[in-house]
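Engineer: Letter by letter, the chains look like this.
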Amino acid sequence: MSGDPPASPGTTSPSWPPTPATAPPGVDPPPGAFPAPGTLGPEPTAPDVSTPAPLPPGALPPGHRPASAADQRAPDLPPPGLLPPEPGALLTAAPGGRGPLEPWPDTVHWQPISTDLIWVELIRLAIVVAIGLAVTGVGWAFSGHWLFGLAVAVVLVLGAWRAVAIVRAVRAWGYAERENDLLVRHGLLVRRLSIVPYSRMQFVDVSAGPLERAFDLATVQLHTAAAASDARVPGLRPAEASRLRDRLTALGEDRAEGL
Amino acid sequence: MLHGAKSLVVVIAGLSWSTLSRVGFGWFAAMVAVLALGATVLSVISWYNTGYHVVGRELRVYEGLLWRRTRAIPLERLQAVEVVRPLLAQLTGLAELRLEVVGGGKTEAPLAYLGVADAAVLRERLLALAGRVAQQPAPGDAAAPVAPGATAPPAVVPGRPLHAVRNQSLLISQLLTPQAFLLPFGVAFVVVQFLTAGSWSFVAVASTLTAMAGVLLQPIRRVLDDWNFRLARDGGTLRVHNGLLETRAQTVPLERVQTVRATWPLLWRMKGWLRLRLEVAGYSVTEADDRNRPDRLLPVGDLPTATMIVAEVLPGVRLDALTLSPPPRRTRWLHPLGRAAFGAGLFERVFATRSGRLTRQLVIVPYARIQSVRVVQGPIQRRLGLATVHADTAGGSGATAQDRDLAEAWALAAELTARAHQARTQP
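First to last, the protein sequences are chains U and D.
Numbers in the working numbering are just positions in the first sequence, counted from 1, shifted up by 93.
Numbers in the working numbering are just positions in the second sequence, counted from 1, shifted up by 179.
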């Protein structure tokens with residue numbers, strides 16, 4: 094590790110250049126999905142962020158992080174070009190309209206999943222809500238206690254809230270196939286992005302429950318040797334699912350190693 | 180179909196005593212018949228819908244009628260193919276083919292109940308297709324624990340000796356665990372209680388002693404396990420030899436090491452001691468018998484020793500010179516106490532993260548062992564512009580860089596994937 098700092102930037106950065114030159118204009122921004130970091134900066138809860146509110150494109154946070162990061166990682170990181178430029182580049186990408194969950198805009202093209210999954214999830218929710226309503230409603234009808242009425246209301250409110258969440262969550266789900274890895278992002282409250290290299294793939298599952306098949310959908314899940322990595326893409330058309338499956342296994346074989 | 184029969188027996192057994200007494204015998208027989216019929220129909224359906232075929236270099240297993248699943252396994256990824264014959268299958272002259280894949284955590288794709296000959300033929304065919312016929316050990320098993328006692332006498336460890344832990348420091352280190360440390364207080368408490376109560380029943384004393392033994396068991400077990408701990412390097416493998424009552428010699432190929440974890444327990448800090456553990460692939464996290472896992476690298480030792488050992492295991496990594504950058508200051512809203520303990524750093528061949536205020540932990544993951552990279556951002560983290568980066572490995576939990584600045588987290592994830600890719604392609 095005490096070795097050659099100059100070697101790495103030359104070899105690693107070209108494959109992945111989030112440079113300011115290519116970053117700025119947002120192509121297909123999903124607006125409102127995510128607050129831009131410019132608005133996050135001077136949060137009252139984060140008083141030590143010294144960036145001014147509207148971050149002009151290309152501007153680095155004045156001397157704040159890049160300097161410290163460079164100082165502390167100097168002996169080991171290839172110093173210039175790794176961490177310091179990226180914050181600027183990524184931050185300039187954000188005011189262009191891209192949410193921060195979409196990094197590396199020049200190399201990643203997110204594919205949305207089918208919006209029919211909304212219906213599948215809504216029907217599932219409706220079943221759960223119906224059961225809840227039946228239980229509480231029967232309780233109310235027989236006992237007449239006001240607490241059961243409250244429970245009915247709670248079930249309804251929770252169901253409505255969950256329905257809104259489902260619609261937004263399905264829209265937030267996306268995947269991207271890059272040259273060497275599969276990217277999957279999902280989640281609204283807790284946002285997750287998984288980067289799984291094809292060469293780490295152990296096997297691929299394509300599954301479809303009865304409800305999913307009624308809407309002509311399927312789920313693809315990529316398994317690696319690590320139990321923690323989750324790369325699951327629901328709501329794909331069967332044709333797309335088998336295409337993805339074939340592509341994943343083919344790429345996995347090409348780049349065979351596994352462990 | 181035999182699966183159905185097995186579950187049916189269980190169901191009947193469960194039903195029998197409670198129900199038989201309540202309803203008459205006729206009703207009971209009817210219920211059993213209905214259940215048997217239903218189970219048979221279900222298992223026939225599922226049997227008809229389970230299938231496999233080999234497409235190119237890929238095995239596909241289909242199953243399920245309502246919840247359909249297709250599992251595509253590249254044949255290179257098959258770790259082992261076993262022919263298993265449970266009792267029921269033996270009675271009917273059938274066999275079950277089990278396919279071991281790394282990722283599943285459990286045996287994946289059991290092709291249940293083919294004829295014995297069919298199973299053997301299919302096994303041969305799969306292995307031939309997978310390109311390694313029997314003589315090569317599956318890459319999944321990481322270390323081959325040599326049978327205790329069968330190897331060389333304890334004094335001789337093959338290879339170049341690296342380090343031997345002094346039993347005295349081992350004893351002291353286990354005395355400095357919370358269990359041993361708090362024991363006097365516990366004893367005092369119990370004695371005071373007995374004195375005030377004034378009743379010395381045998382049962383009370385015995386149960387107290389049992390409880391104490393339970394508390395003390397872990398440190399004592401560690402002392403017994405790690406007694407005479409010696410570490411040697413033999414070519415590309417590490418040889419670990421330890422144990423007092425049950426001596427154990429383990430061989431760990433270095434290229435199977437997934438992570439190295441250094442732990443500084445709170446009480447050991449006054450001695451400047453730390454503990455090194457490693458995780459190897461092929462042992463699932465939920466492995467029941469964790470005493471046999473080859474995970475000890477150094478039960479107790481000081482920093483120079485640990486640095487030397489880490490340099491042997493991961494060449495080019497200097498444990499004492501890993502400078503990690505802390506997360507941004509606003510992390511203190513999330514972790515007011517732990518913030519100072521967090522840290523992460525990219526090095527030439529490894530990714531290292533640190534965490535834990537009281538029990539400090541440093542996790543080192545070689546880039547070549549990263550299975551996947553995840554970025555997770557909770558709601559509060561989003562308000563603060565933070566994110567957590569995980570680097571997952573095959574054994575254990577991998578490294579976690581807590582609460583990095585969002586932009587830095589993206590850069591970190593990008594850098595980790597790029598470096599992992601580079602490390603894989605040009606080792």
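No lab work stands behind these hints: they were computed from the structure.
Just so you know, not all the hints are guaranteed correct.
Label-pair ranges, simulated between beta-carbon atoms [stated by the list, open to error]:
(1) D:S380 - U:G237: 53 to 59 Å
(2) U:V250 - D:L266: 51 to 57 Å
(3) U:V257 - D:V223: 41 to 47 Å
(4) U:L251 - D:P515: 30 to 36 Å
(5) D:Q269 - U:V201: 53 to 59 Å
(6) D:G243 - U:R255: 41 to 47 Å
(7) U:L304 - D:G365: 53 to 59 Å
(8) D:L354 - U:R255: 50 to 56 Å
(9) D:G243 - U:R336: 19 to 25 Å
(10) U:V228 - D:L395: 36 to 42 Å
(11) U:Q204 - D:V233: 27 to 33 Å
(12) U:V250 - D:L354: 24 to 30 Å
(13) U:Q204 - D:L354: 45 to 51 Å
(14) D:Q269 - U:R217: 40 to 46 Å
Calculated Cβ distances over 12 Å to all of chain D for the following chain U residues [what the hints assert, rightly or not]:
(15) H202
(16) P205
(17) G232
(18) E272
(19) A318
Using N, Cα and C, we set each Cβ at its ideal position, and we do this for glycine too.
Engineer: None of the hints should be skipped; say for each whether it holds.
Structural biologist: Results for each hint:
| no. | hint | verdict |
| --- | --- | --- |
| 1 | D:S380 - U:G237: 53 to 59 Å | holds, 55 Å |
| 2 | U:V250 - D:L266: 51 to 57 Å | holds, 54 Å |
| 3 | U:V257 - D:V223: 41 to 47 Å | holds, 44 Å |
| 4 | U:L251 - D:P515: 30 to 36 Å | holds, 33 Å |
| 5 | D:Q269 - U:V201: 53 to 59 Å | holds, 54 Å |
| 6 | D:G243 - U:R255: 41 to 47 Å | violated, 27 Å |
| 7 | U:L304 - D:G365: 53 to 59 Å | holds, 56 Å |
| 8 | D:L354 - U:R255: 50 to 56 Å | holds, 54 Å |
| 9 | D:G243 - U:R336: 19 to 25 Å | holds, 21 Å |
| 10 | U:V228 - D:L395: 36 to 42 Å | violated, 50 Å |
| 11 | U:Q204 - D:V233: 27 to 33 Å | holds, 30 Å |
| 12 | U:V250 - D:L354: 24 to 30 Å | violated, 57 Å |
| 13 | U:Q204 - D:L354: 45 to 51 Å | violated, 59 Å |
| 14 | D:Q269 - U:R217: 40 to 46 Å | holds, 43 Å |
| 15 | H202 | holds, 16 Å |
| 16 | P205 | holds, 19 Å |
| 17 | G232 | holds, 28 Å |
| 18 | E272 | violated, 9 Å |
| 19 | A318 | violated, 4 Å |
This entry does not satisfy hints 6, 10, 12, 13, 18, 19, going by the numbered hints stated previously.
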